[in-house]
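Student: Could you put together the complete structure from these sequences and hints?
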Amino acid sequence: MPRPLTLAIAVALLPALAACNASTDDAATPDAPSAATPATAPVADTPAANAEQALADAVAGEWRTPANVTRDTYRHPAATLAFFGIEPGQTVIEITPGGGWYAEILAPYLRDEGQYVAAVWDDAIEGQPDYRYRLNKELREKFAGNAAAYGTPEVRVFDPKAPGFGPAGSADAVVTFRNAHNWVASGDGEAYFKAFFDVLKPGGVLGVVDHRAKPGTDAATMADSGYLTEDVVVELATGAGFSLEEKSEVNANPKDTADHPNGVWTLPPSNRHDEADAGTYEAIGESDRMTLRFRKPGA
Numbered sequence: 009m010p011r012p013l014t015l016a017i018a019v020a021l022l023p024a025l026a027a028c029n030a031s032t033d034d035a036a037t038p039d040a041p042s043a044a045t046p047a048t049a050p051v052a053d054t055p056a057a058n059a060e061q062a063l064a065d066a067v068a069g070e071w072r073t074p075a076n077v078t079r080d081t082y083r084h085p086a087a088t089l090a091f092f093g094i095e096p097g098q099t100v101i102e103i104t105p106g107g108g109w110y111a112e113i114l115a116p117y118l119r120d121e122g123q124y125v126a127a128v129w130d131d132a133i134e135g136q137p138d139y140r141y142r143l144n145k146e147l148r149e150k151f152a153g154n155a156a157a158y159g160t161p162e163v164r165v166f167d168p169k170a171p172g173f174g175p176a177g178s179a180d181a182v183v184t185f186r187n188a189h190n191w192v193a194s195g196d197g198e199a200y201f202k203a204f205f206d207v208l209k210p211g212g213v214l215g216v217v218d219h220r221a222k223p224g225t226d227a228a229t230m231a232d233s234g235y236l237t238e239d240v241v242v243e244l245a246t247g248a249g250f251s252l253e254e255k256s257e258v259n260a261n262p263k264d265t266a267d268h269p270n271g272v273w274t275l276p277p278s279n280r281h282d283e284a285d286a287g288t289y290e291a292i293g294e295s296d297r298m299t300l301r302f303r304k305p306g307a
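In my numbering, the protein residues as written are 9 to 307.
Treat the hints with care, since some could be wrong.
Simulated pairs of lysine-lysine, DSS-like, Cα-Cα distance not exceeding 25 angstroms [said to hold, decoys possible]: (1) Lys-209 to Lys-255; (2) Lys-255 to Lys-202; (3) Lys-222 to Lys-255; (4) Lys-202 to Lys-169; (5) Lys-263 to Lys-222; (6) Lys-169 to Lys-145; (7) Lys-209 to Lys-169.
Hints listed in this document are in silico derivations from the structure and should not be mistaken for laboratory results.
Remember, predicted model here, so these are calculated numbers, not experimental data.
Tutor: Below, the structure written as structure tokens:
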């Protein structure tokens with residue numbers, strides 16, 4: 009898709025930015041309410057060669073928030089992370105983990121071998137939406153409350169208007185879940201994807217999951233709905249220097265028509281709909297999502 013379309017999308021989405029920031033499923037309306045993390049036994053020591061079992065152990069961890077576990081049927085964490093090639097021994101940066109849905113899996117998975125980094129909005133910058141400060145605080149409390157499970161993950165801050173995620177060439181993988189629509193809305197998509205490229209090692213992986221609009225969806229509809237076309241994400245990534253390596257349908261949902269009255273937030277877990285329609289939207293489930301693996305050239 010030609011670059012001018014991305015710029016048009018950013019311009020069209022700017023009027024909806026405030027509403028989007030107030031309603032993203034991983035920010036103002038996190039996927040599940042915060043809960044005290046129980047102190048439980050850590051993941052058993054597992055060699056990197058047995059990464060599949062180590063990942064299964066992390067997904068099955070008793071420390072996970074029960075409300076988060078109920079979303080596994082829609083989010084397929086083990087299959088998604090395996091598709092991205094996430095393994096023990098890697099340095100993995102998750103961008104704006106929000107309420108920590110994936111952090112509850114990734115931090116224990118990488119606890120003994122590797123490093124999990126949660127990249128969050130810089131708390132020292134004043135004037136940001138309140139949810140950013142709140143979610144950052146809750147995430148730090150989650151990690152501190154159960155070091156046996158989480159180890160010592162790093163919470164690394166960044167300026168959302170000038171994103172940078174660490175020393176150049178220092179990460180094996182960058183992953184982000186249901187966030188790209190916010191960056192496009194704010195007009196910062198190119199800056200984020202360039203920063204992902206810079207922090208990754210040659211040969212490193214960028215894994216993106218986001219709400220998927222139908223091909224050809226116009227900018228105004230994307231602005232209202234919270235869905236993005238795959239073409240928009242691919243253009244941003246390839247424009248930053250990545251190659252699209254593979255797509256997966258692991259998080260596809262053919263029941264989702266992507267044309268709901270309150271956009272993607274009509275569906276679970278946000279459930280912004282009339283109570284009388286609860287059964288209809290629960291039967292649909294969470295949104296249809298693209299799952300894309302990009303690679304930085306080299307190595």
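Student: Decide, hint by hint, whether the structure agrees.
Tutor: Structure-based check of each hint:
no.: 1; hint: Lys-209 to Lys-255; in the structure: holds (21 angstroms)
no.: 2; hint: Lys-255 to Lys-202; in the structure: holds (21 angstroms)
no.: 3; hint: Lys-222 to Lys-255; in the structure: holds (15 angstroms)
no.: 4; hint: Lys-202 to Lys-169; in the structure: holds (13 angstroms)
no.: 5; hint: Lys-263 to Lys-222; in the structure: holds (13 angstroms)
no.: 6; hint: Lys-169 to Lys-145; in the structure: holds (21 angstroms)
no.: 7; hint: Lys-209 to Lys-169; in the structure: holds (23 angstroms)
Hint violations for this structure: none, all hints satisfied.
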